[in-house]
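J.: Residue-level listing of the chains:
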Amino acid sequence: MSAPAARAATMGTRVAGVGLLTGWGEGPGALPADAARAAGGRAVIALAPPALDGGRFRRATRECLLGIAAVEALLRDAGLRREAIRGPATALVYVTAAAYAAANVAFVGAAAGGALHFPYTAPSAVPAEVAIEFGLTGPYLILLGGAPAAIDALWQATRLLERAGCERALVLAVETFAECAGLWARGRRLVRGPLVEAAACALLLPGGRPAAYAAAPGPTPLEALARRRAGETLACAPLVALALAGGARARGPLALGGEWRGRRAGLTWAGR
Amino acid sequence: MARPAAEPIAILGAGAVTPLGADVDAFWSGLVTGADGISRIERFFVDDLRVGRGGEIKKLRALRPEAPRGDCRASRLLLQAAEDLLARVAPGAAPDRIAVAVGTALGGVEQLERAVGAGGRLRHAAGGLYEAPAHALARRLGARGPVLTVSTACASGASALGAAAELLRAGAADVVVAGGYDILCRFVLRGFDALRSLTRDRVRPFDRRRSGLLLGEAAALVLMTRERDARGPRLGRLLGHASGSDGAHIAAPDPEGRGLELALRAALADAGVGPDDVDFVSAHGTGTPLNDRIETEVLKRVLGPRAWTVPVNSIKGGLGHTMGAAATLEAIMCLLAAREGVLPATLGLEERDPACDLDYVAPAARPAHLRVSVSTSLGFGGCNAALVLEGATP
Chain A
1 MSAPAARAAT MGTRVAGVGL LTGWGEGPGA LPADAARAAG GRAVIALAPP
51 ALDGGRFRRA TRECLLGIAA VEALLRDAGL RREAIRGPAT ALVYVTAAAY
101 AAANVAFVGA AAGGALHFPY TAPSAVPAEV AIEFGLTGPY LILLGGAPAA
151 IDALWQATRL LERAGCERAL VLAVETFAEC AGLWARGRRL VRGPLVEAAA
201 CALLLPGGRP AAYAAAPGPT PLEALARRRA GETLACAPLV ALALAGGARA
251 RGPLALGGEW RGRRAGLTWA GR
Chain B
273 MARPAAEPIA ILGAGAVTPL GADVDAFWSG LVTGADGISR IERFFVDDLR
323 VGRGGEIKKL RALRPEAPRG DCRASRLLLQ AAEDLLARVA PGAAPDRIAV
373 AVGTALGGVE QLERAVGAGG RLRHAAGGLY EAPAHALARR LGARGPVLTV
423 STACASGASA LGAAAELLRA GAADVVVAGG YDILCRFVLR GFDALRSLTR
473 DRVRPFDRRR SGLLLGEAAA LVLMTRERDA RGPRLGRLLG HASGSDGAHI
523 AAPDPEGRGL ELALRAALAD AGVGPDDVDF VSAHGTGTPL NDRIETEVLK
573 RVLGPRAWTV PVNSIKGGLG HTMGAAATLE AIMCLLAARE GVLPATLGLE
623 ERDPACDLDY VAPAARPAHL RVSVSTSLGF GGCNAALVLE GATP
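Residue numbers (my numbering), protein chains in the order written: chain A, 1 to 272; chain B, 273 to 666.
What the hints contain is simulated information worked out from the structure, not anything from laboratory work. Note that the structure is predicted; figures quoted are calculated from it, not measured. Ideal placement from N, C-alpha and C gives every residue a C-beta, glycine not left out.
Here chain B is said to cover these stretches of chain A; the calculated rule only asks that three of the stretch's residues, wherever they fall, bring their Cβ under 8 Å from a Cβ of chain B:
(1) 90-103
(2) 118-130
(3) 137-143
(4) 147-158
Whenever a hint applies, use it, and build me the whole structure from the sequences.
T.: What follows is the structure in structure tokens.
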């Protein structure tokens, strides 16, 4: 075998924007200084679904609507029009730990039928609705898990850019908890509260700084900041951290990290 | 501008558990002899459903004592496939250089059903998250590198191999145990039954009378490493992979197959091979009217005039659609077909559909000398993926 590579470096990529919606509001400016204190004992800080026009959305789940809203927030942050991301040159990498659980629980509880509801139980429903809405027909990947899966997603997106599989990559994360608050209460050894619903999307472009993909021994300062300011957002946490670092305006080193089920992952962009 | 081929990835071995048997040998012999793994489902209540048949695994082997304990069937299938794999080839790398990348459409959803029910317990809630079985596999392997769960619906098993290849090409791991799995459970059978996707007939890929799919359960894994690091015999190589989104419909494929075409063309480019190099196509071939017609049309567009001379098969007639496991099983089948010089037949194909006019392997297995195979996959939400594989020919 090759000598162990301490870090898997990629070619340069840059963050061109981050759209962030959380139960606290839109953007990093809406995050409280201390999420635990701001939660005031509430287990879940919910995020209201956006009101989207169009009969096409009549069956879409709240998670799907939030995914679309996160991409719209990204377009606002990056100053782009929808046409800028339409077509086969845009990759979509979606990640979530649990934004399918509510649909699954509803399907389990439904008495019969469910033909129209069943496709929305799949984790792939959220990126599917986003792809349909924005006309995204490029490379496609969906990863499941907590914050490390989002790190993996960001890194896989940089690989897609490196392999010339696309000209730009959207990394989208959605997490909802409200409908399954009881289940999360049973699983509290897996997560620390407050659980804060979130939807976030980052736009990666080629060029800029190389990113190194490797586990960090402990939480990075940015990771800890995102946890303190936003609360538990699972797969959205690394994108919350990106937004807190200034997104496209970040200049110093960017060290993202996350832990889930005992596994740590990290992605670091050197300073510029 | 053409780009250079990506680094090939060696596939050192495979493990599986399928409705055709408890290991890869049973899977292959079942395919070659035309064994039918479809039966009446016995493990859960199906009497209220239109269709109660599928590729059910009737008995699971006892796992080794060191395997993680639990009652999650998805994890058990995955671990049984891992034991088959480990009996054939060892990972041979430091724990922090071993990664896991597995695909699934359903994860441990049956655990979620239990968690929601009366007396639901913590382990069921945590196991109901779809990535729980991948972590059980990582614990069994002692893997401390990246642990990826890919969920591109029924293309998951192909997407997982693609994600694994990128971990290796970029040096993020030295070996990856990659593949896919899914179980038959009431949740998924109810869903497909409600969609009227299931056939009351047998599965008939590319047949004029095809009327839908049947589901199956399976787990399949391969051990992958960089070609330049591979030592000893190998099953074959993953030359290229790619994905493409339809952006068209939540549950139905794009009628023109544009996402699949993009994935197939990009996978060939990734592999550095052209249509003239393709010796065999393992089609998704679900037996639904739309899927089989779309795949046929896409193959014609991508392979050009050669499309009519390249043999194509689907193995879902005897297994059912094993969802997250399907693409990995089909990749393993491609590599075994090259090694053994035999193409398994498309079970259920008896009367050709004029709209599906390629060289489908039927009614019996056929001898063949092949090097480069292509495997195509489509999934809910417009997920499409393609793999380009090279067998270790005899």
